[in-house]
Structure formats: structure tokens, C-alpha cells
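Chains A and B are the protein sequences, given in the same order.
Per UniProt numbering, the first sequence starts with residue 1, numbered consecutively.
Per UniProt numbering, the second sequence starts with residue 1, numbered consecutively.
The set of hints was computed from the structure by calculation and includes no laboratory data.
Because the structure is a prediction, the values reported are computed rather than measured.
Possibly wrong hints are sitting among the right ones.
For identical chains, the list gives no copy identity; a pair is met inside one copy or between any two copies.
[What the hints assert, rightly or not] DSSO-like, lysine-lysine: derived pairs with alpha carbons at most 30 Å apart:
| no. | residue 1 | residue 2 |
| --- | --- | --- |
| 1 | K278 | K349 |
| 2 | K397 | K179 |
| 3 | K471 | K397 |
| 4 | K387 | K179 |
| 5 | K281 | K387 |
There are 2 protein chains.
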Amino acid sequence: MAATMNICHHNFPLSNDYQTANRGPRSRVRAFQEATQEAQKPSKMTTRLAESVSHMLHLHIEKPKPKSLRTMINSHDKPILSPKEDISDKWRQIQGSSGWGDLLDPLHPCLRREILKYGEFAQATYDAFDFDSFSEYCGSCRFSRNNLLNKLGLHYHNYNVSKYIYAMSHVDVPQWLKKSHVMDSWSRDSNWMGYVAVSDDKESRRIGRRDIVVAWRGTVAPTEWYEDLQRKLEPIGAGEAKVEHGFLSIYKAKNEYTRYNKSSASEQVITELKRLVKLYKERGEEVSITVTGHSLGGALAVLNAYETATLVPNVPITVVSFGAPRVGNIAFRDELHQKGVKTLRIVVKQDFVPRMPGIVLNESLQKFDDITGTLEWVYAHVGAELKLDVRASPYLKRGFNVLGYHSLETYLHLVDGFVSTESSFRTEARRDVALVNKACDMLVEELRIPHFWYQMANKGLVCNDHGRWVKPERDPEDVPSPTSEGQYNVFHHLESNYQGA
Amino acid sequence: MAATMNICHHNFPLSNDYQTANRGPRSRVRAFQEATQEAQKPSKMTTRLAESVSHMLHLHIEKPKPKSLRTMINSHDKPILSPKEDISDKWRQIQGSSGWGDLLDPLHPCLRREILKYGEFAQATYDAFDFDSFSEYCGSCRFSRNNLLNKLGLHYHNYNVSKYIYAMSHVDVPQWLKKSHVMDSWSRDSNWMGYVAVSDDKESRRIGRRDIVVAWRGTVAPTEWYEDLQRKLEPIGAGEAKVEHGFLSIYKAKNEYTRYNKSSASEQVITELKRLVKLYKERGEEVSITVTGHSLGGALAVLNAYETATLVPNVPITVVSFGAPRVGNIAFRDELHQKGVKTLRIVVKQDFVPRMPGIVLNESLQKFDDITGTLEWVYAHVGAELKLDVRASPYLKRGFNVLGYHSLETYLHLVDGFVSTESSFRTEARRDVALVNKACDMLVEELRIPHFWYQMANKGLVCNDHGRWVKPERDPEDVPSPTSEGQYNVFHHLESNYQGA
Numbered sequence: 001m002a003a004t005m006n007i008c009h010h011n012f013p014l015s016n017d018y019q020t021a022n023r024g025p026r027s028r029v030r031a032f033q034e035a036t037q038e039a040q041k042p043s044k045m046t047t048r049l050a051e052s053v054s055h056m057l058h059l060h061i062e063k064p065k066p067k068s069l070r071t072m073i074n075s076h077d078k079p080i081l082s083p084k085e086d087i088s089d090k091w092r093q094i095q096g097s098s099g100w101g102d103l104l105d106p107l108h109p110c111l112r113r114e115i116l117k118y119g120e121f122a123q124a125t126y127d128a129f130d131f132d133s134f135s136e137y138c139g140s141c142r143f144s145r146n147n148l149l150n151k152l153g154l155h156y157h158n159y160n161v162s163k164y165i166y167a168m169s170h171v172d173v174p175q176w177l178k179k180s181h182v183m184d185s186w187s188r189d190s191n192w193m194g195y196v197a198v199s200d201d202k203e204s205r206r207i208g209r210r211d212i213v214v215a216w217r218g219t220v221a222p223t224e225w226y227e228d229l230q231r232k233l234e235p236i237g238a239g240e241a242k243v244e245h246g247f248l249s250i251y252k253a254k255n256e257y258t259r260y261n262k263s264s265a266s267e268q269v270i271t272e273l274k275r276l277v278k279l280y281k282e283r284g285e286e287v288s289i290t291v292t293g294h295s296l297g298g299a300l301a302v303l304n305a306y307e308t309a310t311l312v313p314n315v316p317i318t319v320v321s322f323g324a325p326r327v328g329n330i331a332f333r334d335e336l337h338q339k340g341v342k343t344l345r346i347v348v349k350q351d352f353v354p355r356m357p358g359i360v361l362n363e364s365l366q367k368f369d370d371i372t373g374t375l376e377w378v379y380a381h382v383g384a385e386l387k388l389d390v391r392a393s394p395y396l397k398r399g400f401n402v403l404g405y406h407s408l409e410t411y412l413h414l415v416d417g418f419v420s421t422e423s424s425f426r427t428e429a430r431r432d433v434a435l436v437n438k439a440c441d442m443l444v445e446e447l448r449i450p451h452f453w454y455q456m457a458n459k460g461l462v463c464n465d466h467g468r469w470v471k472p473e474r475d476p477e478d479v480p481s482p483t484s485e486g487q488y489n490v491f492h493h494l495e496s497n498y499q500g501a
Numbered sequence: 001m002a003a004t005m006n007i008c009h010h011n012f013p014l015s016n017d018y019q020t021a022n023r024g025p026r027s028r029v030r031a032f033q034e035a036t037q038e039a040q041k042p043s044k045m046t047t048r049l050a051e052s053v054s055h056m057l058h059l060h061i062e063k064p065k066p067k068s069l070r071t072m073i074n075s076h077d078k079p080i081l082s083p084k085e086d087i088s089d090k091w092r093q094i095q096g097s098s099g100w101g102d103l104l105d106p107l108h109p110c111l112r113r114e115i116l117k118y119g120e121f122a123q124a125t126y127d128a129f130d131f132d133s134f135s136e137y138c139g140s141c142r143f144s145r146n147n148l149l150n151k152l153g154l155h156y157h158n159y160n161v162s163k164y165i166y167a168m169s170h171v172d173v174p175q176w177l178k179k180s181h182v183m184d185s186w187s188r189d190s191n192w193m194g195y196v197a198v199s200d201d202k203e204s205r206r207i208g209r210r211d212i213v214v215a216w217r218g219t220v221a222p223t224e225w226y227e228d229l230q231r232k233l234e235p236i237g238a239g240e241a242k243v244e245h246g247f248l249s250i251y252k253a254k255n256e257y258t259r260y261n262k263s264s265a266s267e268q269v270i271t272e273l274k275r276l277v278k279l280y281k282e283r284g285e286e287v288s289i290t291v292t293g294h295s296l297g298g299a300l301a302v303l304n305a306y307e308t309a310t311l312v313p314n315v316p317i318t319v320v321s322f323g324a325p326r327v328g329n330i331a332f333r334d335e336l337h338q339k340g341v342k343t344l345r346i347v348v349k350q351d352f353v354p355r356m357p358g359i360v361l362n363e364s365l366q367k368f369d370d371i372t373g374t375l376e377w378v379y380a381h382v383g384a385e386l387k388l389d390v391r392a393s394p395y396l397k398r399g400f401n402v403l404g405y406h407s408l409e410t411y412l413h414l415v416d417g418f419v420s421t422e423s424s425f426r427t428e429a430r431r432d433v434a435l436v437n438k439a440c441d442m443l444v445e446e447l448r449i450p451h452f453w454y455q456m457a458n459k460g461l462v463c464n465d466h467g468r469w470v471k472p473e474r475d476p477e478d479v480p481s482p483t484s485e486g487q488y489n490v491f492h493h494l495e496s497n498y499q500g501a
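Please build the complete structure, drawing on both the sequences and the hints.
Spelled out as C-alpha cells, the structure:
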């Protein structure tokens, strides 16, 4: 296990105003994403549709109350880091063993910290993704798995990435696959889709078990969803369970002639989970699996958890999803419950993605509409829900904002400030508010945080010694390679699949 | 005079394939501009209008011939710097004393180098401009005048900036004034509009005289022009001369209650030119004045030259303008010629800004249309023209591109490659092709240069030691100040105007 560097604080008393949401120093963050504004702007049609959805849902637009916001923010420029609590005696409840019934409202501070931790793991899949279509590595992760969390300033969570996940699709999922314009690119078919990480010894002591995280990348813009998600359901498993076939294709597709998807995302993950669970169980450790993701990533997390419950038995499995759409039908939901998977869905009330599919009529299911009058329940949500409201935060603008409502950073900000449905925004919330505007325009103007600010200097061009603006070579360590991915996983039978290309 | 650092090479033989257009090392460039794509994208209406203009002008769209472009570019990554020629014996011709008749086609290599030098001085006004509306310094120059050329990597031209120019307008010039959203900003009314610079001793020896440059900032996007430039002409001088009143307002407006325009841009420049000319003439030096600018900046350069010819007598005055619109009527043009001002207009054939005003009918001048059938000549262009064609460059895309055609970097690229109307693009052209795409999308995809790449990392936010993303304070030296501007100019009577605020 790689060496880690962060301190771990134990045995702090529990209290409701405990400051759970610290950001570690990000001064070493050298990670950027091309926040291509075009790509992220909802199309006119989407905006129009979304506006009528908003109207349907009676979302009221209120005036902001910004009074001393700037002062509040200034005091946040030098946050006092709060220590992490030891949760080794209550980790099962925090992971949802009892369904989170009494932990959500008011939100238990220890649960808040864990939600934010998993959310930041999901956010990492966006922040490290190479969106640059002029890069030969477009669609890959910009860092090797050994560098990922360090480069993103997430080392303080004390996890180590053990495996990268790649996915392709046999179904045309609009705007999903990012492709390089360059002929000799790293891959024509696959995208980096997430990773598996494991808590290190210190973190494992704090949280009472060896935690294996699977973080799934989603989609940044909600535009893509609208056109895509009125598709057909496809059977999964042996029973009546059905799931959206676009999600399933991304999770299951493979092709022996590709470099990165000789095995499917599903096979890659399951193999790695089996290996890790075996490894730590043989050491006599307690093990948990936590699957997380935002948007499409949240849907994949649910599929992944469903499958894992069958193929990797006797391990508690928890899903923590953010702004995820519905995945399958009622039978799927019921099966998932029966398998013992615990699902915590974090949902922003104003975000319309979690209401999909369902709002838009599915032609092939039209007959149901005649009976029920609505199709909302053809696709069914699973598990417990933590509902957040953008109006709760004094930092957020009140105007209608499809992209901002759906942004994962907005979610994390609202989790950080949430105390209970009855309380106002948590004044001790310490997460950097500026992060909200990384890839959207949600913060009140008074804060003076630029919109869509997460961008590389000169889109990655640098001036060489001869005065020429050139794209530097990637650090060899960070160049994706199917063989090197394989080398780290010499123990399992799928290995040969990775050595091919 | 400030110390400079660059070598100056003398007495090189003249030849047509002489490599004139070197970029000095820009490794120290820390200058960026927020290339806000929105602001720079032409509106639909403008695009439509421009397209019909293009149709009128019979601009033919051809296929690109990119064959070994990438190879060509790669050889440019390590350019061999060509030495600068001594032009002390022919500077008058190069400055247009004989009207450039025999120097333009084929383009004399020494003239090419000088055009590029002045063009880069004009480009500096964009590159250093603070476009960030969340900055309290929005609309100012991001660097003090002592740092400007160094920060932009232009020190190798061996000029020193002696004065900054600020402008306001009493006329509503659409989208012209950049204003900060911040309440307590550096100025509510004025924008940094350019600067005065003087050749240092070495450069003065090379070019045969002390050259005083005035560089005027223009507007990046042509959108703004379309709506604005069908306005009325206003008298200038004592005779029949008239000029576009929007340009004149920016050049002449002042208000004693402002911080930076207690005196007008005109007064600021004329005072500085008088001071400098007096200073160097008293030393017995030959002096020239060269006024340059792109777009609106080119129009201001013409106004400035017109006025300077009267108020600063006995100095040769040359205008080098890029993509400038027409400024005044025929009487204005004639007066300018009579005053002895030499004007070299660099024009890209496909750029429609130099055809304005004139194409769009001016309602108040409709009667002329009845007589002449066209209003093209109500506004008259001045001086000599160097006409460039985007189709000459193998690096440029052929699709219709309003913004790209008008971009100053496109102009500089085409000047660099121009040999004659009969010859193909100069193979020895050494200017970095990547620069073209700084604020537009003109380069063929094969080159893999991102579009609109000139941007700051994270829009200027940096992560502080506490992990917070904050906007750093400006270097105190680079904070604009009306008083410090004054301190450098203690010799002239307008001084008191700058001490007020």
C-alpha cells in the first residue's frame, strides 16, 4: 500500500455543529479541466423544456439576500481545519445498515463528512478528465492512477487508487463518448469512466473497516440527458427487473478489437472488487464497498451495486449517488433492496435530472399512461433520499439555472450547508464556496467569483524556449496504457485481456 | 532611458526572402487575456449581415491544401532567429515618405519587419487589457507601463513605454466601455486605451531616428461595429473635414469629475508627444512619430495623426493601421494628405470592417445614394493599402469566419507570409502560427491548435495556502493610479489634471 501523509484525528466528541467539511490544502493542485462553455450550455430546446418542467414543479424564484456575504466569505479564506472523527463504532449506520432513517434530518455530521468524501471522489472523475479534443489523449484521465488523488488535492482522504475503469457503448448515447480529433489517439472507442480506490491503514482505522470505493464518471451537462432518456427498458438479471438500455450498454459493452474494452466496465470492476475483497478478507479485515457517482455516474453506480451484490457476496454495499436519474423499473428496485444494497440518493430539489426518465413519455410505454395518468413510476427510484434546496444557500443565485442545479459542486456545497429541513444554512460550513462556480454560474455576483472558472492556462499550450506556443508532451507516467494497467493486476484471470493491444 | 537587453544586428544584406518576422522568446510571458468567447462571438444578425456582405463581395470559399502542414509547423517549433537589419539609411522610405509605391508588391522585407513591430505594439493593447468584469480593475491595463512590454515578451523590440492613454466617451458606443461589476472600482468611466512608447538608444541607431510610437487599443469583436457605424459625421478642424462622431467622442471626451479623463485621450497624447519631441529635438536627434492601431484603434490612430500634424509640427508622422474602418469624408482625407501624414492601411480582403462605414446606408445621407448609386465614398479611406488574402496562407481554414478575418493576429500572420500578390505564402515566415488562434478559430484542424486559447488559468483564481480559491491582489506596481501616472510627467502643464482624484 502506498505511503500516505495525512494526520488522522481520533475520538472527537459528536456534535451537530461539528465542522465536517474541510478542504485540504489544494495548493499543489495542478489539475484542470477545459470547462468548454459551449459543451456545457444547455441547448435552447432543453432550456425551454426544462423551464416548463420547472413550471410544472412550481419552483418559485426568490430574491437573494446577500447582505454580508462578502464578509462571510472573507472569513472563509482562512478556514480552521476541523479534525476528522473516529467513526469505527458507528460506520454501519453511516453506511446505511438501518436505512439512514434517523440520520438525514437533521443530517448527522459524521454522515455529512462521509457524503462529502464520496462526492469529492466522484468530482475527481470530472476534474481529471481530458476534454481536449485536440489532445491525442482526449477521453482519458490526465493522470496515472498513482497520481490522481494527489494531483487533485484529495490525498487528505487517505485512499489509494488501485484500478482505472474504461467503458464504451454499443448504443448511441448522445454526446457521451469524447473523441480525439487526432488520428493516432490513445483509443477510438473507450473513455476513462472511473476508478477503484481503497482506504489506507489510517483511514481504515478511523472508519472501522477497509473501504473499497468505486467512483463512476457522469456527464457534466444535463443537455445530453433529455434526448437520450426516453428509451426502452432492458431486462437485467433473471427476473422481471429492467433497466434503461443506454446505461446498461455503457456498463456492459466490450469488443475484443478495442484496446481498453476487451473486457467491459462491468467485468473490470467486478474482477477488481473480487480481488480486493479476497485480499483484505484473507487478512481478516472487515470490508465495505461504496459505489458513488453523479448524474450518469450515479446510474452506473446503481447498476454496479446490483451486480456486485450477486457476484461479490457477503460484503456490505452502499451506493451514494448525486443527481442520478432513475435506472430501472419497480422490480429492479425491489431486487436491489432484497440483495441488501443500501442506496443514499442526494437530490437537489430543483435539479430535473433525478426526475428522469419518467417525465417525458416513453412511446413504447404509452399504454401505462392510459391507466395511471402518469409514467413517473414506470422508472422507480431506489433507497433513501437526502433532499437539498438551492434556496437554502445564501450564496446561490435564485434565477433558473439548469446547469447550476445539476452541477456536482452545487450538490456538495448544499450538503456542506445542510443541517435540517427546518434550519438555515450551516454557518460553520467550511467547504470553499468558490468551487461551486467551477463549471457553472450559480454564485451571487457579490462574491465576485468568475463563472466557469475551472480552466487551463492557454488551454494547455505553453511557450517553449524558442518562443513557440506548443502542446507539451504528457508526463510519460500519465500516458494511458492498457498494458501498464494490466501490470498492476497480475493476480486475476482477466489479465490477458489487457495485454493485447 | 531604461536599460534594455537585446542585441541589435547591423548591416545585413537586403534580400527578399530575408526572415523578418521573429518572435523573441516569450517564455517570460505571464500575460493573458480573458478571451471570453461569448463576447467575441458575432451575433446571429451580424453573421447574417456579414454573410450577405461576403456574398456581395464574391468571396469564394476554397478547399484547404494542408498536405505536410504538421511537418512545416514542427520545423517552426525551433525557429532560427534572424538578425535585425540596419535601416538607418532608408527609414524615411520605410515610413512612407514616398508613399510606399514600390515597397508593397513585392513587400520589402524591411518594411515587413517594421509593420510587424507596430502590429505587435497594437496587439499588446489587447493582450494586456483587463477584460474581467469581476475585477475591480476591469478596463485597465493589467501591468504598469514599466512592465508592459516585458510581461508581453516584447522587450526585444527595444522600446520603452512613457505614457498610458485613457479614454471615455460622451456617445453611446455599443459594447465599447468595459466596466467592472465591483462597486469600488478603479474607474467608472474610463478605459485604458493605449500607450506612448519610445525607441531606446540601440533601436534608434538601427532605425536611424528616435521613434515615438502611439499604440491605440481597438475592439476585439466586429459585432460591435455593425450597429454603431451607421452614424453621423461630425466636423473636425476648420474646413469641410468630417469624421465619424463615435470615434471622435472616444478621442475627445473628458470630464473633470472622472479620475482618468480630466483630460481627453487627445490631450493626453498630444501633451506627451510635445514633451517627447521637444526632449529629443533639443538633444539634436531626428524624431519620427508612428501611430498604430487595429480596428477602432486604427480609426483613433488616424484621428490622432491628423491632430498631431497640426499641433506637433515638423515631425514626420506615419500611421500603420490594421483592419481599420473608414474614419471621415473626402475632405478629411484630403486634409490629412495635405498635412503630410503618411498612412499605410493593412487590410485583409475578407475582413468587412475596413469596408465600414459605407456599405450600410446612412439614413441622413440617403440623398447621396440617389446620385451616386453607392455610398462607399461618402466615407473615404486614406493613404496606401497593403491588401492581404486569407486564402494565401496554407495554415488558415477556408470557411467564412467574421471574427477570424478581423483578428489582428490573423493580420500579422498574413503580413509575415506575404511576398507579393503573385507569390505563394513565404516559406521562411517564422512568426508562430499558433498565435493566430489566440482569440479566434482560424487555423486548420490538422495543426491541433486549440481555438480561443489565450486564457488565464482558472480565470485568475489561485488556491491560497488554506486551500481557498481566491483572486490574488494585483501587484501594487501594476495597480492603476491617476497620480502615479502624473508623477512620470512632471514637465508639462496638464500635470495638475492628473493629481485631482
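Taking the hints in turn, this is what the structure says about them:
1. In this assembly of identical chains, the alpha carbons of K278 and K349 never lie at most 30 Å apart, being 40 Å within a copy and 71 Å across copies at closest.
2. Taking the shortest alpha-carbon separations for K397 and K179, only the inter-copy value of 21 Å comes in at or below 30 Å, while the best intra-copy value is 34 Å.
3. Taking the shortest Cα distances, K471 and K397 sit within 30 Å of each other only across copies (20 Å), while inside one copy they are farther apart (37 Å).
4. For the homomeric pair K387 and K179, neither the shortest alpha-carbon distance inside one copy (35 Å) nor that between copies (39 Å) is at most 30 Å.
5. Proximity of K281 and K387 under a CA criterion of 30 Å is satisfied in neither setting, with 35 Å inside one chain copy and 77 Å between copies.
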